[in-house]
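Engineer: Model the full structure from these sequences, guided by the hints.
Each chain, letter by letter, is given below.
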Amino acid sequence: MSADTSLPVLTQKDFASDQEIRWCPRCGDYSILAQMKKVLPTLGIPKEDIVFVSGIGCSSRFPYYMSTYGMHSIHGRAPAIATGLKVARPELTVFVITGDGDALSIGGNHLLHALRRNVDLKIIMFNNQIYGLTKGQYSPTSPLGKKTKSTPFGSVDRPLNPLSVAIGAGATFVARSADVDIKHLTMVLERAARHKGSAFVEVYQDCNVFNSGAFEFATKKDQKQENCIYLENGKPLIYGNDRDKGIRLTGAGNPEVVNLSDVKEDDLLFHDESSDDPTPAFRLAQMRWPNSPEPMGIFRSIDRPTYDGEVDRQFKQCMEQGTADLEALFNSGDTWDVKPK
Amino acid sequence: MSSESSASKSNGQPAGSADAKALQTMESVVIRFCGDSGDGMQLAGTQFTNVSAVFGNDVSTLPDFPAEIRAPAGSLFGVSGFQVCFSSGEVFTPGDEVNTLVAMNPAALKTNLEDLQRGGTLIVNEDAFDKGNLQKAHYDSNPLDDVDGNLAAFRVHKVPMTRLTRDSVEGLGLTVREADRCKNFFALGLVFWLYDRDSTPTEDWVKEKFAKHPSIVEANLRALKAGYNYGFSTEQFTVHYEVPSAELEPGRYRKITGNEAVAMGLAAAAKLAEVELFYGGYPITPASDILHELSKLKRFGIKTFQAEDEIAAITSVVGAAFGGALAVTASSGPGIALKGEGIGLGVITELPMIIVNVQRGGPSTGLPTKTEQSDLFLSYFGRNGDCPMPVIAARSPADCFQMAQEAVRIAVEFMTPVFLMTDGYIANGAEPWKIPAISDLKKVSISHPQESNGNGDGFLPYLRDENLVRPWAVPGTPGLEHRLGGLEKADGSGNVSYDPDNHDNMTRIRAQKIMNIAESIPEQEVEGPESGDLLVVSWGGTYGAVKSACMESRRQGKSVAHCHLQYIHPFPKNLGTILKNYKKVLIPELNGGQMWMILRGLYLVDAVSFSKVKGKPFLIGELCAKIDEVLES
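Same order as they appear, the protein sequences are chains V and S.
So for the first sequence, the UniProt record's numbering puts the first residue at 1; every next one is plus one.
So for the second sequence, the UniProt record's numbering puts the first residue at 1; every next one is plus one.
No lab work stands behind these hints, which were simulated from the structure alone.
Careful, some of the hints might be misleading.
[To be verified] Taking lysine-lysine and the BS3-like style, the derived pairs with C-alpha atoms no more than 30 Å apart in a straight line are:
no., chain 1, residue 1, chain 2, residue 2
1, S, Lys614, S, Lys584
2, S, Lys442, V, Lys339
3, S, Lys296, V, Lys196
4, S, Lys298, V, Lys196
5, S, Lys434, V, Lys341
6, S, Lys207, V, Lys339
7, V, Lys339, S, Lys434
8, S, Lys442, V, Lys316
9, S, Lys296, V, Lys316
Model, not experiment: these values are computed from the prediction.
Structural biologist: Okay, structure coming up:
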């Protein structure tokens with residue numbers, strides 16, 4: 001989308017609401033909010049056409065802090081609310097702001113269905129692997145053995161892999177970034193915003209009160225290049241502080257870490273985000289630190305007709321073809337006349 | 001055909017006639033067709049209804065489906081029934097006691113016989129009473145042998161329908177199975193003869209419906225004819241009956257079910273208001289037909305969304321309402337329970353939404369295909385917090401058309417979710433509907449503000465008008481950006497507020513706004529004396545039976561008035577006064593006494609509850625008996 005010259009040029013400030021922000025000091029949410037405010041003015045969309053819908057949780061306060069339209073709703077239901085809104089008003093740009101508990105636990109069903117339908121929603125899931133708002137229970141992404149208030153002896157729940165879930169559900173855009181990785185996050189949010197279809201973005205977000213440092217491996221300056229692979233479309237998977245390591249597929253199709261001094265670049269795994277086959281994206285989603293370097297960036301971005309677009313297409317077709325004649329409707333079926341006696 | 005006619009007798013079978021093939025006149029008849037769910041009983045009943053409607057009778061129907069999709073043939077739980085009442089007078093109910101029962105097998109006989117009036121006509125397919133079917137119906141011996149004299153009270157006609165049907169279609173090259181499928185037409189033909197009906201409309205229907213299969217057309221027509229001729233020529237039947245046409249208001253009519261009427265009422269309201277309608281729903285018996293009907297009507301500006309569950313259905317409706325669409329969902333008890341939290345979000349965000357509750361037997365999955373009125377509390381109270389919302393109730397299938405439009409009006413004028421109550425009985429039952437002139441329909445006007453109301457301080461989404469109604473500003477409107485949500489709103493600005501006084505204030509404002517609706521609804525009317533011995537208060541789908549019972553009581557000289565509620569929250573302003581004008585108040589309900597408890601609580605009236613929870617509508621007779629009991633107590 002190119003900016004319409006007739007529109008006023010918007011800045012970050014235009015997207016800030018008058019509401020006092022009530023996240024804990026140093027919460028990762030601040031950074032995500034700041035990057036979102038940075039991205040929106042670049043999209044060329046008037047702010048009255050943008051809607052933020054959220055569920056429940058710390059992240060879900062987000063709409064209050066944006067001067068767009070918004071709805072802070074009820075736990076887990078944001079994707080369904082956003083689907084109704086988007087189907088009714090396909091011309092709007094609709095973001096869903098959610099957390100790991102909101103999206104994957106209480107709202108897991110709605111998330112699955114929004115993704116498989118490919119509703120044109122930008123779903124930004126803040127993942128801090130903990131329930132922050134309810135003060136520190138484990139979440140569906142908390143690692144096995146996690147000790148929390150509700151799991152004093154360690155969690156025995158196996159965690160969900162959010163990106164695998166999204167890819168499994170048929171999401172057409174799947175990406176991951178981290179709250180403090182400012183440039184990367186901005187890039188990912190912008191790509192998601194420009195995607196036509198459901199975009200699912202997992203943002204590693206630090207809850208410094210209940211789960212501090214959960215994502216240090218991916219955010220600490222001296223560690224992240226060693227622990228993460230920053231995906232670039234069409235490029236080989238290379239990582240490391242000295243960009244000296246890469247990923248190659250074994251004969252069985254499994255990723256393995258190789259040293260670039262031993263292997264030619266052409267033999268590495270090349271990233272193809274537009275593959276119609278979800279397998280490459282799924283393979284990347286399965287690569288998790290510390291078992292392997294963890295990919296960050298856009299895992300998948302493919303074109304498919306959107307649900308709301310298809311609904312609207314059928315709707316307009318029927319509106320154009322059919323005559324919306326109430327009288328004919330009332331008189332359809334078996335009718336009979338009662339004559340005056 | 002005989003042209004003789006004996007004196008008419010209302011509401012029942014005439015006394016025996018010595019004259020072979022005498023034609024007797026009756027005012028009102030109730031017929032029930034019942035058999036296996038694959039026996040085509042719904043079809044036979046529908047055809048009989050159509051023929052009667054075209055003839056000019058007033059009609060009312062009640063299908064009765066088994067909960068199982070395809071229960072084993074011959075089983076007790078697989079019996080499907082269709083009841084039709086047709087009359088030369090006005091009909092208010094599909095009828096209670098059955099005058100003529102057509103039972104296609106032992107299971108149908110066993111499950112339906114108790115509804116047949118003493119002296120009534122029983123027509124059975126004798127051929128189906130074989131060892132296997134008798135066993136499946138848990139009969140130790142053949143009830144048609146009637147060793148116990150259980151059938152002595154009825155006029156029993158044992159007809160070898162299977163054999164006669166097979167004989168009638170011989171030579172058409174049909175398989176036995178195909179031939180046997182025609183026996184519903186044999187039964188229908190026989191009943192056509194019995195009630196002196198012209199079968200032409202059914203014949204035309206068969207020709208059109210099976211146009212591509214000439215042998216099926218021929219077979220069905222032959223079976224129909226065979227049934228008719230069987231009645232005409234055999235000595236089994238000595239009398240037959242006529243029900244003259246009714247004095248219906250002139251005009252064009254169609255048959256309409258409650259679910260169809262809800263869909264059409266909504267479509268009409270949306271079209272006249274020139275807004276798009278969004279329907280989010282999840283399939284559930286007996287509400288699904290509303291989704292089916294609306295799905296066909298995209299050309300009327302209707303978008304339907306089959307959600308992943310009930311919660312998504314209601315929350316999608318919240319989203320669509322925020323977007324400015326006329327947003328609707330429908331469900332039944334268990335689904336409404338799941339929707340509760342989403343409805344609460346609609347209440348606190350003060351968005352217009354219509355929630356149709358097609359009640360069925362509960363609790364939990366309960367009796368999915370049977371009717372009840374037991375979701376009154378659920379609709380009235382069933383949300384967390386002080387969460388008041390308007391509740392209105394349709395009283396008959398055709399009335400759903402009117403009430404659906406009324407639900408839209410209230411939702412939009414008062415910015416609130418609205419419950420429209422119907423039930424399985426209304427939803428599936430059908431009655432003639434006089435097709436209205438479009439010009440007679442009231443238009444709901446919908447407008448969304450374009451200008452800010454905040455005097456330069458931004459938009460105030462919770463600034464209210466004189467009715468306490470907030471503006472419906474929609475995304476896409478420049479300058480009116482605002483945030484809604486489930487957290488308590490500060491009065492005016494709509495910002496999140498934890499201020500205790502504000503919460504108290506907002507709770508009262510929300511309640512008062514709903515009470516203000518009372519100013520916009522008609523005053524309660526009463527049928528019968530304005531004061532007297534007894535007032536019978538009913539609501540919803542029991543209307544016809546209660547009205548008929550009250551009329552009957554008045555005919556007998558009793559001082560009995562009838563007050564039927566269509567507005568349940570808020571009640572009409574004059575209801576309290578009305579309740580105090582009678583010595584006694586009786587409240588019949590198809591639940592444990594929910595309306596009874598509400599009216600006693602609100603108006604301190606010592607009303608008597610008459611509660612029936614059988615998944616079946618009231619019988620006029622049992623209501624009359626209860627009225628007498630209360631009058632005498």
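Engineer: Work down the list of hints and note, for each, if the structure agrees.
Structural biologist: Hint check:
This hinted pair checks out: S/Lys614 and S/Lys584 have alpha carbons roughly 26 Å apart, not beyond 30 Å. Using a Cα cut-off of 30 Å, the hinted pair S/Lys442 and V/Lys339 holds, with the two alpha carbons roughly 26 Å apart. For the proposed pair S/Lys296 and V/Lys196, the alpha carbon gap of about 28 Å is at most 30 Å, so the pair holds. Straight-line distance between C-alpha atoms of S/Lys298 and V/Lys196 comes to about 24 Å, which keeps the hinted pair within the 30 Å bound.
Between the alpha carbons of S/Lys434 and V/Lys341 the distance comes to roughly 16 Å, so the proposed pair stays at or under 30 Å and holds. Taken as a hint, the S/Lys207 and V/Lys339 pair is honoured in the structure, with Cα atoms around 27 Å apart against an allowance of 30 Å. Among the hinted pairs, V/Lys339 with S/Lys434 is consistent with the structure: their alpha-carbon atoms are about 12 Å apart, no more than 30 Å. Of the pairs offered as hints, the one joining S/Lys442 and V/Lys316 holds, with about 27 Å between alpha carbons and a cut-off of 30 Å not exceeded.
For the hint pairing S/Lys296 with V/Lys316, the CA-to-CA distance comes to about 14 Å; that is within 30 Å, so the pair holds.
In the structure shown, no violation is registered for any of the earlier numbered hints.
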